[in-house]
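Novice: Line by line, the protein sequences are chains A and B.
Quick note, the first sequence lines up with residues 1 to 435 if you use our numbering.
Quick note, the second sequence lines up with residues 1 to 308 if you use our numbering.
These are computed hints drawn from the structure, not numbers from a lab.
Take the hints with a grain of salt, since some may be wrong.
[What the hints assert, rightly or not] 20 Å max Cα-Cα, derived SDA-like pairs, lysine to any residue:
| # | chain 1 | residue 1 | chain 2 | residue 2 |
| --- | --- | --- | --- | --- |
| 1 | B | K256 | B | P269 |
| 2 | A | K411 | B | Q52 |
| 3 | A | K9 | B | S105 |
| 4 | B | K90 | B | A138 |
| 5 | B | K224 | B | A253 |
| 6 | B | K74 | B | G40 |
| 7 | B | K284 | B | Q242 |
| 8 | B | K90 | B | K106 |
| 9 | B | K90 | A | G60 |
| 10 | B | K90 | A | S127 |
| 11 | A | K222 | B | K267 |
| 12 | A | K153 | A | E136 |
| 13 | A | K49 | A | E136 |
| 14 | A | K9 | B | Q100 |
| 15 | A | K222 | B | Q242 |
| 16 | A | K102 | A | Y116 |
| 17 | B | K114 | B | E82 |
| 18 | B | K87 | A | L6 |
| 19 | B | K129 | A | K153 |
| 20 | A | K431 | B | F14 |
| 21 | B | K129 | A | I22 |
| 22 | A | K9 | A | K222 |
| 23 | A | K427 | B | K106 |
| 24 | B | K267 | B | I211 |
| 25 | B | K129 | A | I433 |
| 26 | B | K18 | A | T210 |
| 27 | B | K18 | B | I211 |
| 28 | B | K29 | B | H238 |
| 29 | B | K273 | B | H238 |
| 30 | A | K222 | B | Q100 |
| 31 | B | K90 | A | N18 |
| 32 | B | K135 | A | E136 |
| 33 | B | K87 | A | L418 |
| 34 | A | K17 | B | M89 |
| 35 | B | K87 | A | V16 |
| 36 | A | K49 | A | V39 |
| 37 | B | K284 | B | K224 |
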Amino acid sequence: MNHLPLIIKREYLTKVKNKSFIVMTILSPIIMIALISVVAYLSQLNNDKVRTISILDESGLVKDIFENTDNTTYHILENMNLEDAKALVLESSAYGLLYIDKLDAIDLVSKNIRFYSKESPSLTLISDLEYHIQTELTNQNRINQDIDVEKLKHSKIDVTIQQENFDGEKTSKIDSIVKLIFGGATGYLLFMFIIIYGNMIMRSVIEEKTSRIIEIIISSVKPVQLMLGKIIGTSLAGITQFVIWLILGGVLMMIVSAVFGIDMAQSPQQDMLQQAMGNAEVNTKAQEVLAAFYNLPITNLIIAFILFFIGGYLLYSSLYAAIGAAVDNETDTQQFLIPIMIPLILAVYIGIFTVIEDPHGIVSTVFSFVPLTSPVVMLMRIPFGVPLWQQLISLLLLVGTFLLTVWFAAKIYRVGILMYGKKPSYKELIKWIKY
Amino acid sequence: MSNLLEVDSVSKNFGSFKALNNVSINVPKGSIFGLLGPNGAGKTTLIRVINQITMPDSGKVLLDGDLLNENHIKDIGYLPEERGLYKSMKVGEQALYLAQLKGLSKPEAKARLKYWFERLEIEGWWHKKIQELSKGMAQKIQFVVTVLHQPKLLIFDEPFSGFDPINANLIKDEILRLREDGATVIFSTHRMESVEELCDDIALIHQSNKILDGKLVDIKRQYKINTYEVGIRVNQHHVLQQELSQKFDVSPANFKTLEDELKLNIKLPEGEKSNDLLGFLASKGEVSHFVELIPSVNDIFIQTVKDN
């Protein structure tokens, strides 16, 4: 008799109807969005404050270049010495004092610019000041040395290397970044999924053991069927939760940004980037990002994502199920969890550090074949283009290992669920396989 | 009478540990079969083999003449000693799920559950969670789930543990009624008085070996010690006792009487009739007590295990 659908249904429904599961499903995105909103709001609040900066320019070289902006007002001090200026600024509510000494040569001036403030000034402010002063002083220096500034400007050459593979497909640096983000996101998603729902499976096996219902169940169904039903049912509940998170998160994000006008994408780091590159450039970059996205091997990615995700997830979750069967309570699981966490963490680190450096290097390639790390590493490599034969071999290895693991896990499961009392050692686990 | 279950030379090892060594038992159709043995003897392993939870290393098991296979799952109802239910699941849903695992259709399972819940007067529990019930209440649900699919063979491992005397009696009556309806029952327990009361046949397993089996009456006959417990009203106890000790194996006995009687256990030699003893005693005084000592299952259990 095939009871698999019945078991899957029960596992799914108990998970989904569980109160803490429902609360987690609804609250998690709300908490996340609230957190992001608060952070975004706070940093915006910080930026909104208008700062007054007093400038004492004894050299007279740069005092004209500062223009007030939305959050910075420049106040030029004149006809006083440094000590008076300091005292004045300290009394006022000004943020700080920029002091440019009167010296003979521009390079001397440039080396003796000081900024006085009560607390250490923000990084963005200093780089902003430095950028403006540097541009002006460079210009003046060029004029002093009889260099034609206009000519110089026109003589500047921009170089962007056009990357193209031998088949004529164009790539670019932006492409690489998009690939990296895409690969990283999928790999990390799998990693999170395995940890969250693997643990859930393990707990549900332990629950059956501690409630002693297990013997009643397996007098009706085969342990392997029960284990597979558990894994599939819990995974479906996990997918349900993930989809709800995505939808709810997206909707909330839209509501929050519409109602409070907080631009989530606007972060101080991006401001700096924009200042450094100039606004016009950013716009073209955005288009390039979009183009790069369309350049990704989308079909390959989606198919590979589904296959490697399922394969990798099932592989790990059967290990989690076996651990659940081997122990009596959750505190005993640590000893067995470490050996399966190590390859998982290794995979993520290899993905992040090595694949970025060299997606087709020996380390990345090898680990994208090793079954316990291949799902994560291969998913991170695929955006950079992996030959089909490599993907297939890796997938075959993964499926083979998965079948082997299920067999092995089922053996431990079958014996373990009827064992109570002491925590088994690895030696005993190996003995169980032979029963 | 034919056998419903035949276990034929079944052995099972766990690593180097022998859990069952060449065990054979026959369970007659319609009987209540007591499976006895000290802790760790191998009873649970044998029951698990019959339930196809554990596969035997060698030997075979026949149910109703057929080698045990997957289709037999619905023919067996098993109440394990280590039992429990999903704590956070509702009673009704849970019972339905377990019944469906035994091959009942959902509407059928629902109808039968309704019948049983009414019978045991527990209709109000349908929407309760197991964690809200007491241990005894949960045991009742387990009993219902075990018998719901009307299996040919019922296996109860310590069915009365956790029940108060009233409920234990209720369950005992239900077991007897199920037997009336044609079910065969295997009954594993350490409570010898229940064995005495219920079982037709027994098997005794000790250290992985079956050391005794057969009809309970036959076994008792076999263990008969030809000893009689007697009470006689005489004036001089020691005179009669001395006279008796010369002819028989005599030891003092202890039981409640109204007068000051001479109380003795007297073992008859082979071939002597109990009537002759009674006649002899009657000539000496008034016999108030004359009972053949029948070995209890408890005695047989202890003696057999010690001898092995």
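Novice: The structure should be examined with respect to each hint, and the outcome stated for every one.
Specialist: Hint-by-hint comparison with the structure:
1. Using a Cα cut-off of 20 Å, the hinted pair K256 of chain B and P269 of chain B is violated, with the two alpha carbons roughly 26 Å apart.
2. For the proposed pair K411 of chain A and Q52 of chain B, the alpha carbon gap of about 15 Å is at most 20 Å, so the pair holds.
3. This hinted pair checks out: K9 of chain A and S105 of chain B have alpha carbons roughly 15 Å apart, not beyond 20 Å.
4. Under the criterion of a C-alpha separation no larger than 20 Å, the hint pairing K90 of chain B with A138 of chain B is consistent with the structure, at around 11 Å.
5. With a C-alpha separation of about 18 Å, the suggested pair K224 of chain B and A253 of chain B falls inside the 20 Å cut-off, and the hint holds.
6. Pair hint K74 of chain B plus G40 of chain B does not hold up; C-alpha atoms about 28 Å apart against a cutoff of 20 Å.
7. For the suggested pair K284 of chain B and Q242 of chain B, the alpha carbons sit about 13 Å apart, so the restraint of at most 20 Å is met.
8. Among the hinted pairs, K90 of chain B with K106 of chain B is consistent with the structure: their alpha-carbon atoms are about 16 Å apart, no more than 20 Å.
9. About 84 Å separates the Cα atoms of K90 of chain B and G60 of chain A, which puts this hinted pair outside 20 Å; it is violated.
10. Restraint check for K90 of chain B and S127 of chain A: the C-alpha separation of about 65 Å exceeds 20 Å, so the hint is violated.
11. Between K222 of chain A and K267 of chain B the CA atoms are separated by roughly 56 Å; this puts the pair beyond 20 Å, and the hint is violated.
12. Taking the CA atoms of K153 of chain A and E136 of chain A, the gap is about 14 Å. The hint holds against a cut of 20 Å.
13. With a C-alpha separation of about 27 Å, the suggested pair K49 of chain A and E136 of chain A falls outside the 20 Å cut-off, and the hint is violated.
14. Taken as a hint, the K9 of chain A and Q100 of chain B pair is honoured in the structure, with Cα atoms around 12 Å apart against an allowance of 20 Å.
15. Distance restraint check for K222 of chain A and Q242 of chain B: the Cα-Cα separation of roughly 69 Å exceeds the 20 Å cut-off, and the hinted pair is therefore not satisfied.
16. Among the hinted pairs, K102 of chain A with Y116 of chain A is consistent with the structure: their alpha-carbon atoms are about 17 Å apart, no more than 20 Å.
17. Between K114 of chain B and E82 of chain B, the direct Cα distance comes to roughly 26 Å. Violation of the 20 Å bound is thereby established for this hinted pair.
18. Among the hinted pairs, K87 of chain B with L6 of chain A is consistent with the structure: their alpha-carbon atoms are about 19 Å apart, no more than 20 Å.
19. Between K129 of chain B and K153 of chain A the CA atoms are separated by roughly 80 Å; this puts the pair beyond 20 Å, and the hint is violated.
20. Among the hinted pairs, K431 of chain A with F14 of chain B is consistent with the structure: their alpha-carbon atoms are about 9 Å apart, no more than 20 Å.
21. Pair hint K129 of chain B plus I22 of chain A holds up; C-alpha atoms about 18 Å apart against a cutoff of 20 Å.
22. Proposed proximity of K9 of chain A and K222 of chain A is supported: the alpha carbons are some 17 Å apart, at most 20 Å.
23. With a CA separation close to 44 Å, the supplied pair K427 of chain A and K106 of chain B exceeds the 20 Å bound.
24. A C-alpha spacing of about 27 Å is found between K267 of chain B and I211 of chain B, which places the hinted pair above 20 Å, so the restraint is violated.
25. Using a Cα cut-off of 20 Å, the hinted pair K129 of chain B and I433 of chain A is violated, with the two alpha carbons roughly 36 Å apart.
26. For a cut-off of 20 Å, the pair hint linking K18 of chain B to T210 of chain A is broken: about 27 Å separates their Cα positions.
27. Taking the CA atoms of K18 of chain B and I211 of chain B, the gap is near 15 Å; set against the 20 Å cutoff, the hint holds.
28. Among the hinted pairs, K29 of chain B with H238 of chain B is inconsistent with the structure: their alpha-carbon atoms are about 54 Å apart, more than 20 Å.
29. As the CA atoms of K273 of chain B and H238 of chain B are separated by approximately 24 Å, the hinted pair breaks the 20 Å bound.
30. Note on K222 of chain A and Q100 of chain B: the hinted pairing holds, with a Cα-Cα distance of about 15 Å set against a maximum of 20 Å.
31. As the CA atoms of K90 of chain B and N18 of chain A are separated by approximately 12 Å, the hinted pair is consistent with the 20 Å bound.
32. Of the pairs offered as hints, the one joining K135 of chain B and E136 of chain A is violated, with about 86 Å between alpha carbons and a cut-off of 20 Å exceeded.
33. This hinted pair checks out: K87 of chain B and L418 of chain A have alpha carbons roughly 18 Å apart, not beyond 20 Å.
34. With a CA separation close to 10 Å, the supplied pair K17 of chain A and M89 of chain B stays within the 20 Å bound.
35. Restraint check for K87 of chain B and V16 of chain A: satisfied, since their Cα atoms lie roughly 16 Å apart, inside the 20 Å limit.
36. With a C-alpha separation of about 16 Å, the suggested pairing of K49 of chain A with V39 of chain A holds against the 20 Å cut-off.
37. For the suggested pair K284 of chain B and K224 of chain B, the alpha carbons sit about 27 Å apart, so the restraint of at most 20 Å is broken.
When each numbered hint is compared with the structure, violations occur for hints 1, 6, 9, 10, 11, 13, 15, 17, 19, 23, 24, 25, 26, 28, 29, 32, 37.
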